[in-house]
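Got chain W; can you put chain B on it based on the hints?
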Amino acid sequence: MTESYIEISEFSYNAGETEILKSISLSINKGEHLAVIGPNGAGKTTLLKCIMGFFKGEKGSIKINNVPITGFRNKDLAKLISYVPQADGRFLPFTVEEFVLMGRYPHLSPFTAISAKDRDKVTESIELTGISHLKKRLMSTLSGGECQTAFIAAAIAQEAGILLLDEPVAFLDPKHSVNIQKMLSRINMQLGKTLITVTHDINSAILNSDRIAALKLGEIKFVVKAEKAAHNSLLEKIYDTSFIFADHPITGKTFIAPEVIK
Amino acid sequence: MNKKVVLLLISICTVCIIAVSPMIGMDTIPFSAFFNPIDDNVKSIILWEIRLPRVIMAFIAGAALSLSGMTFQALFRNPLATPFTLGVSSGAAFGAALYVKLGLFFSFLSIPGQPVFAFIGALVSVFIVYSLTRFKKSFSTATLLLAGVAVSFFFSSLILVIQYLSDFTHSFRIIRWLMGGVEIVGFESVYNILPFVTAGIAIIFFLNNELNLLTFGEDIAFSRGVNVQRVKILLYFAASLMVGSVVATCGPIGFVGMMCPHICRLFIGQDHRYLASASLLFGGGFLVMCDAVSRTVIAPAEIPVGIITALLGGPFFLWLLINGKSEQSIMNSG
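Listed in order, the protein sequences are those of chains W and B.
All letters in the first sequence, in the order written, are residues 763 to 1024 by this note's numbering.
All letters in the second sequence, in the order written, are residues 28 to 361 by this note's numbering.
Everything labelled a hint here was simulated from the structure, so no lab data went into it.
Just so you know, these numbers come straight off a predicted model, no measurement behind them.
Hints are all accurate, no fakes.
Quick list of in silico lysine-lysine cross-link-like pairs, BS3-like style, CA-CA up to 27 Å: (1) W:Lys983 x W:Lys784; (2) W:Lys879 x B:Lys31; (3) W:Lys841 x B:Lys259; (4) W:Lys883 x B:Lys31; (5) W:Lys944 x W:Lys1015; (6) W:Lys999 x W:Lys811; (7) W:Lys883 x B:Lys30; (8) W:Lys898 x B:Lys30; (9) W:Lys978 x W:Lys1015; (10) W:Lys937 x W:Lys898; (11) B:Lys30 x W:Lys897; (12) W:Lys841 x W:Lys883; (13) W:Lys811 x W:Lys821; (14) B:Lys259 x W:Lys837; (15) W:Lys898 x B:Lys31; (16) W:Lys883 x W:Lys898; (17) W:Lys879 x W:Lys837; (18) W:Lys792 x W:Lys837; (19) B:Lys259 x W:Lys811; (20) B:Lys259 x W:Lys818; (21) W:Lys792 x W:Lys811; (22) W:Lys978 x W:Lys784; (23) W:Lys937 x W:Lys1015; (24) W:Lys897 x B:Lys31; (25) W:Lys818 x W:Lys792; (26) W:Lys1015 x W:Lys792; (27) W:Lys944 x W:Lys883; (28) W:Lys879 x B:Lys30; (29) W:Lys792 x W:Lys978; (30) W:Lys978 x W:Lys818; (31) W:Lys821 x W:Lys983; (32) W:Lys784 x W:Lys811; (33) W:Lys978 x W:Lys825; (34) W:Lys841 x W:Lys811; (35) W:Lys978 x W:Lys821; (36) W:Lys811 x W:Lys987.
Bound-form chain W, shown alone (with noise of 0.2 Å):
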């Protein structure tokens, strides 16, 4: 059994009067891919910016390594989490490799230029990205895909051991879809790095994650094991719609699609 890297107990965020996330308890291991799910509007955007200190909540705690976020400097924080946003479309005018190197920001002193470590860490994380050649490419005129990986590119450069993705692979067609998910396994599995993703995409988070949690209206409905999600007591549960299941003729794993009647 592996120590808690994550801990997250009786959290609790309200924006305004609302509501967002309702005592919300749970535990990530080091390098672990848990994959959150949950219909729109359940919070699972607000947990990410919650586990990386954005927002911070009203009750409750997040701890990573036993010492509360609220308790890190900013940079010091920026160390150990960094937040691979939804691809948007609100992209500058710089190239990648300037975009990629201010992920070194944590790393950088006011007071002293650029070192050649921060430069290969760079490259390093480019290459990892296979981004190579957009490099010189402004952001603004990259494809969503591209896009997502400079950000993907620019976290790791971060060196941070936790990685919050918010819908990485959401507007992306299949191919760069699975380019993508096979890159964050490979971050995963051969960097060690801790992830967690906020996915619609629940066939991917069944094949791709270790856990999976489920939030809906701002609670955690249930945790567990990516293969064991694939149940439709579960699910319709989350959903408010019926699914049907098959197995994956390669992988064996099931896979699901919502139930349609005509």
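Chain B alone, transformed into the frame defined by chain W:
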């Protein structure tokens, strides 16, 4: 083109403008007046007491307004956020006018009172606009501009009240000052605003990387380790400090703060490590040039420089509003 080359070109142009413009005006001053003050006493006095202070003041004012415009645009993630459109200039103008009207002549630890009043006015209007946009949670360009216009009108009306209550000569002075201008005599005004502007510039240059990250959104900046709240407060403070001190001396000179950063973006891109220097130099050089124009076109009379910048800036502003594509490419609105 390489960003460093562009920056070098802008520097060279600025230096040339600064070197040439003290010579231009109602009286053309030869270069020799710099070196032989005794030969031609009158020209030398014009040069040292009137032209040079004025050129330096124009440079400082232009640089400060341009840099604060750049900062507001990054903070609000909006191409139309400027000292003028956010009502910051009006707030500062009100503060300064109030100081004049109250007949105050105080200085605190040798800091002159008028820039302090203007600074407070600037801070108040930034605070009002910022709280409004915060309150609305998701704010559009329209909300931001409407809030800015509302604040601007509010303070303009208060200035009118002050004017109405003042006597004729006083009122005329306020009107002339509201048109914006850099006509000063001697270096005293320059010394007065220099500490404020230097402090503001220092803060903004120190926070170049943070500005870059903030343009990608607060969540991303935070996730990279930026202390978002502290950085934002520092930047608002720095920008207001600069706008406040400039407006206190030169009046609300419009459009420099909007046009110059945008023009620089077109040439040098969004990277604030270069953009800040470019905006500073270009803004300064631009206002020096406008001022040279303002004292030559209808010489011996002068057009207030604020009118020149507004004449150039009005059409530019409209172009920016109409040309939606440029708004997207210059800066994505949050």
